[in-house]
Amino acid sequence: MARPEVWTLAELRSAALHRAVAWVTPAARATVARELEGLGLHLATPAVFVRDAIDLGVVESVDTLVVVGGGALMDRAKLLRRARAGSLRLIVVPSIWGSGAEVSRVAVQGPVEGQPGEGKRIIVDPALVPDVRVEWPELVARVPQERARLASGDAWAHVLEALVSPLAAEDVRRDAAALVQRMLAMPLTQHADWMECSRRACELQARSSVGLVHGIAHTLEAPLRSREPGEGWGHARLCSLFLWPVLRLNQQASQKWQSHVDAAELESSALLERARELFSVEDYRRTLPVLVAEWSRVVRDPCARTNVSVVRPQSLEWFRTLVP
Amino acid sequence: MTNHQKLEQLFLDVFLIEPSEYRLDLRRSEVDTWDSLGVVSLGVGIEETFGYHPTPAEARALASVPDVIALLESRGIGFDG
Numbered sequence: 000m001a002r003p004e005v006w007t008l009a010e011l012r013s014a015a016l017h018r019a020v021a022w023v024t025p026a027a028r029a030t031v032a033r034e035l036e037g038l039g040l041h042l043a044t045p046a047v048f049v050r051d052a053i054d055l056g057v058v059e060s061v062d063t064l065v066v067v068g069g070g071a072l073m074d075r076a077k078l079l080r081r082a083r084a085g086s087l088r089l090i091v092v093p094s095i096w097g098s099g100a101e102v103s104r105v106a107v108q109g110p111v112e113g114q115p116g117e118g119k120r121i122i123v124d125p126a127l128v129p130d131v132r133v134e135w136p137e138l139v140a141r142v143p144q145e146r147a148r149l150a151s152g153d154a155w156a157h158v159l160e161a162l163v164s165p166l167a168a169e170d171v172r173r174d175a176a177a178l179v180q181r182m183l184a185m186p187l188t189q190h191a192d193w194m195e196c197s198r199r200a201c202e203l204q205a206r207s208s209v210g211l212v213h214g215i216a217h218t219l220e221a222p223l224r225s226r227e228p229g230e231g232w233g234h235a236r237l238c239s240l241f242l243w244p245v246l247r248l249n250q251q252a253s254q255k256w257q258s259h260v261d262a263a264e265l266e267s268s269a270l271l272e273r274a275r276e277l278f279s280v281e282d283y284r285r286t287l288p289v290l291v292a293e294w295s296r297v298v299r300d301p302c303a304r305t306n307v308s309v310v311r312p313q314s315l316e317w318f319r320t321l322v323p
Numbered sequence: 000m001t002n003h004q005k006l007e008q009l010f011l012d013v014f015l016i017e018p019s020e021y022r023l024d025l026r027r028s029e030v031d032t033w034d035s036l037g038v039v040s041l042g043v044g045i046e047e048t049f050g051y052h053p054t055p056a057e058a059r060a061l062a063s064v065p066d067v068i069a070l071l072e073s074r075g076i077g078f079d080g
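Chains as they are written, first to last, in numbering that gives the first Met the number 0: chain A, 0 to 323; chain B, 0 to 80.
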C-alpha cells in the first residue's frame, strides 16, 4: 500500500514552496503564518478553493498544495489533487488526529452545497494518498480538550468497526485487537500516541469496512448543520455520540459482535464503558429527531450495509427507546 | 415463524423491498439493492437469522431465493411446509 513520505517541520521549512498554496484551518492559521513566515506561501482563506485561487491568478503556476487541518479539509484537498491528475504535489499537516486522512487512500466527498440531501460519498483510490505528511507535534498539542475527546472517539469508531467488520480478514481482526488493547490504556484526551493510533485505525478500516456508526454520521452531518448552523456538528462528534448506541444495538441484534470480541480476547464491558464515556445524553436528544427523519437514508447508506448486524428499518425503534 | 417467513422478512430488511415485491422465485437481477454490498449484508443476515455463516464464495454465488433455500437446506435447515 502506498504511503506518504514523512517530513518534520524543519524539512517542510526547507522545501521549495515558492509555487505553493497553503490551505489552513482557521484554528491553526496564526500559528502557521508565524512558523512558516518567509517561505513565500500563499495562505488561501478557508472559504476559497485552491482551484479558485489558481484560476483567479492569485498564485501563478502552483505546483504544491499544503494543507494544515483535519480530515474534512484533507479529504477536500485529496479529491482536488486527484481531479488534477497528479499535477499537484500534496503535502498534508494534520492539526488533529482521528480521521487518519493523512495516510489513507479513502476520501469522503461531502454533499454538494445546496444539496444536503445527497449525503456523503466514500471514494477509494490509491491516487488519493498524499505525497508528504508532516509531523508537527506542537501544533497537535494545542488541540482543545473537547476536540481531543471527539477526535479520540473518531479513532475508536474506526478501530471497533474494523474489528467486527464482515469484510475483515483474520489479520485485520488481529491487528485491530492489538490496537484496541493499546487504545484502552490511553485517555480520551491529549496523548502523544493518538496520532499514530488513529492512523493505524484508519488503515484497518480501509482494509475492511466501517459500519453503522459511520452510516449515521455521514447521513446526519449535513441535515444537522443545516438545522443547527454553527453548533459544531461534525464527523468526529457524531461518531463519538453514536458509538455506544450502535455497539449496544450490535450486541443485542447479533451474536457475531460478541464472538468477534471474545475471539480478540477483549472484554465487551471495557469497550462499552469506553464508548459510554463518549456518549452525551443531551446531544443524543438533540439528534434523535433528525435520526428518525433520516432513517430511511441511513439504512441505505453503504456503511450501514457493511455493519456487523443487519441494519433493518425496524432497528430505529432501538434508538427511539434507548434514552427515556 | 416458519423458515419461509423468516427468509421473506430477511429479504425485506436487507434489500429494502416491499412485501408485494417478494416472490419465491425472485432473482438477483430483479433487485437493485442486491449489489456487492447487498451480498455482504445478505450473508450477515443469513447467519443472524439461520445461524449458518456462508463463505464469501457461497454468498457471491447466490442469485435467487431458491439458491438461498438450497444453500440452507444443504446445511440441514429445512424449508418444508
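What the hints contain is simulated information worked out from the structure, not anything from laboratory work. Backbone N, C-alpha and C fix where the C-beta goes; we use that ideal spot for every residue, glycine too. Worth double-checking, as some hints may not be accurate.
[To be verified] Here are the simulated EDC-like cross-link-like pairs (lysine to aspartate or glutamate), alpha carbons at most 20 Å apart as the crow flies:
{"no.": "1", "chain 1": "A", "residue 1": "255", "chain 2": "B", "residue 2": "17"}
{"no.": "2", "chain 1": "A", "residue 1": "255", "chain 2": "B", "residue 2": "20"}
{"no.": "3", "chain 1": "A", "residue 1": "255", "chain 2": "B", "residue 2": "31"}
{"no.": "4", "chain 1": "A", "residue 1": "255", "chain 2": "A", "residue 2": "174"}
[Said to hold, decoys possible] Pair ranges (Cβ atoms, derived):
{"no.": "5", "chain 1": "A", "residue 1": "316", "chain 2": "B", "residue 2": "50", "range": "36 to 42 Å"}
{"no.": "6", "chain 1": "B", "residue 1": "24", "chain 2": "A", "residue 2": "312", "range": "20 to 26 Å"}
{"no.": "7", "chain 1": "B", "residue 1": "3", "chain 2": "A", "residue 2": "124", "range": "49 to 55 Å"}
{"no.": "8", "chain 1": "B", "residue 1": "18", "chain 2": "A", "residue 2": "275", "range": "36 to 42 Å"}
{"no.": "9", "chain 1": "B", "residue 1": "4", "chain 2": "A", "residue 2": "169", "range": "53 to 59 Å"}
{"no.": "10", "chain 1": "B", "residue 1": "28", "chain 2": "A", "residue 2": "145", "range": "34 to 40 Å"}
{"no.": "11", "chain 1": "B", "residue 1": "54", "chain 2": "A", "residue 2": "122", "range": "25 to 31 Å"}
{"no.": "12", "chain 1": "B", "residue 1": "35", "chain 2": "A", "residue 2": "275", "range": "31 to 37 Å"}
{"no.": "13", "chain 1": "B", "residue 1": "78", "chain 2": "A", "residue 2": "122", "range": "27 to 33 Å"}
[Said to hold, decoys possible] Computed list of chain B residues with no C-beta within reach of chain A, every gap over 12 Å:
{"no.": "14", "residue": "21"}
{"no.": "15", "residue": "27"}
{"no.": "16", "residue": "58"}
{"no.": "17", "residue": "62"}
{"no.": "18", "residue": "72"}
{"no.": "19", "residue": "73"}
Comparing the hints with the structure gives:
no.: 1; hint: A:255 / B:17; in the structure: violated (27 Å)
no.: 2; hint: A:255 / B:20; in the structure: violated (29 Å)
no.: 3; hint: A:255 / B:31; in the structure: violated (27 Å)
no.: 4; hint: A:255 / A:174; in the structure: holds (18 Å)
no.: 5; hint: A:316 / B:50: 36 to 42 Å; in the structure: violated (24 Å)
no.: 6; hint: B:24 / A:312: 20 to 26 Å; in the structure: holds (24 Å)
no.: 7; hint: B:3 / A:124: 49 to 55 Å; in the structure: violated (43 Å)
no.: 8; hint: B:18 / A:275: 36 to 42 Å; in the structure: holds (38 Å)
no.: 9; hint: B:4 / A:169: 53 to 59 Å; in the structure: violated (35 Å)
no.: 10; hint: B:28 / A:145: 34 to 40 Å; in the structure: violated (50 Å)
no.: 11; hint: B:54 / A:122: 25 to 31 Å; in the structure: holds (29 Å)
no.: 12; hint: B:35 / A:275: 31 to 37 Å; in the structure: holds (34 Å)
no.: 13; hint: B:78 / A:122: 27 to 33 Å; in the structure: violated (41 Å)
no.: 14; hint: 21; in the structure: holds (14 Å)
no.: 15; hint: 27; in the structure: holds (15 Å)
no.: 16; hint: 58; in the structure: violated (10 Å)
no.: 17; hint: 62; in the structure: holds (19 Å)
no.: 18; hint: 72; in the structure: holds (22 Å)
no.: 19; hint: 73; in the structure: holds (21 Å)
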